[in-house]
Amino acid sequence: MDRQVSKISGRSIMNKPEPDVMVVGGGIAGLAAAFRLQQQGRTVTVFEAADTVGGMMRSTRRDGFVLNRAATLLPAGHAAVIRLCADAGLSNPFRPLPLSIGIPRDGRLRSLGGEGLGAVMEGVRTDLLSSRSKLLLGRLLVDMRRWKRQLGHDDYEAAARLDTETVPTYARRRLHQEIYDYLIDPLLRGVYLEDPAKMSVVDLFVTLGKFTQGGPMRYPTGIDFLARHLASLLDVRTGATVQEVRRTEAGVRARWHDAGGDHTVETRGCVLAVNGPAVLDIYPDLPDGQRKLIESIPYAGILKGIFALRRAPANLPGLIAVPSKAGLGLGIVTYDSRSMPESVPAGKAVVSGHWVDSYLKAAAERPDDEMLAEMLRHMDAVVPGFSGEVEFAQLERWDTAANSRSVGFYRTVAELRRLMDPDDIVHLAGDYLGNPSTNGSAESGERAAAALGKRLRHP
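If you use UniProt numbering, the sequence shown corresponds to residues 1 to 459, in order.
Source of the hints: derived by calculation from the structure; they are not laboratory data. There could be a bad hint or two in this list.
[Stated by the list, open to error] List of simulated lysine-lysine pairs, DSS-like, C-alpha gap at most 25 Å:
hint, residue 1, residue 2
1, Lys292, Lys198
2, Lys325, Lys134
3, Lys325, Lys198
4, Lys134, Lys148
5, Lys148, Lys198
6, Lys210, Lys198
7, Lys134, Lys210
With these hints in hand, go ahead and build the complete structure from the sequences.
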């Protein structure tokens, strides 16, 4: 039997077909790109610097608990994720999960719920808002319908034209300060883990639009299930750090390093599925116009506390969105094991707190033990008695979790996309090219794969 040896210098990789495409990054964007390229008949190798795939969809296991290190929610509107599952042989592993949201005000948790527009209309039926504010919610629904007509899915040209006003300015003009403080602010703060005061009104209506697409979904144990499955279908090298990617006359050459030493690989094309700062570091041939735009996109971080509980809490909403008015660094609480009930020992639970970017930056030099004590105080302020139920905790710091939100972001992304050459042999993928989400990352990888595949078919 003939043995095939890849053009990867430094060592011979036996029984592997020679790759004609490389993908840098084993998060969901990179894995989606690699899977779609492989479907086209391409031989693909994925290089991932970490020891496991998944990026922000990674999970860990401890004492019978499954802990999602970053992302934990998969809404029903995540069409690209659902499509990937079906095409990769997972059929439909999802089940609908009722949407329940709590927002603390004046020392008490006020409940919201419902599907689609009902998530907004529920504000009329609870004591979260005053009667005056409830009457003005009709304006928000009217504006949601108007924006839906103007904003098509992933239409960043339209978003760029509308990206001219901050959320607070819109709220003062059309609504009421109370609606901003106790409905808009906590929802945006919970989704993006940043200060909504600087966000674009486009962020508001993109986010509300997601709520109209359905609630969260229950999925198999660990949010890494899709990443692990895709990786099992692909040639993936973990612990492989790509140091440089350069164009050549024949295609692309990359330098990379792993435990075995330094290597090079030559392929016909490449997808860079890493965050913006990493693209700038490893790809010196990036055109100047794209480089300047990526440099202009700031990143926000996330601090996540994952708490294994001795007992499953009674009547805890799936999400608790914490308003800025609460005076806490805590942005949102998620009932993680509600989305994956087989992920914990019987009768127990996993609940996570997610702290905003400004809190993470202020705490950058503080040790985890000191941080944990303060984080538990924040959790107790929102869920009384929470700390007494904690069996163990795990802290996750993500310094560059997602692009930072502000007026002008959508104009920047639209311009960056316009400058990306569809005939290039190096394509970019990642949620900095769109709205930060698992689905946005998957879509980005699929777009890159489609463009690169077309280029390789018609050199």
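Structure-based check of each hint:
Distance check on the hinted pair: Lys292 and Lys198 sit about 22 Å apart at the alpha-carbon level, within 25 Å; holds. About 19 Å separates the Cα atoms of Lys325 and Lys134, which keeps this hinted pair within 25 Å; it holds. For the suggested pair Lys325 and Lys198, the alpha carbons sit about 16 Å apart, so the restraint of at most 25 Å is met. Proposed proximity of Lys134 and Lys148 is supported: the alpha carbons are some 22 Å apart, at most 25 Å.
Between Lys148 and Lys198 the CA atoms are separated by roughly 22 Å; this keeps the pair inside 25 Å, and the hint holds. Between Lys210 and Lys198 the CA atoms are separated by roughly 20 Å; this keeps the pair inside 25 Å, and the hint holds. Using a Cα cut-off of 25 Å, the hinted pair Lys134 and Lys210 holds, with the two alpha carbons roughly 22 Å apart.
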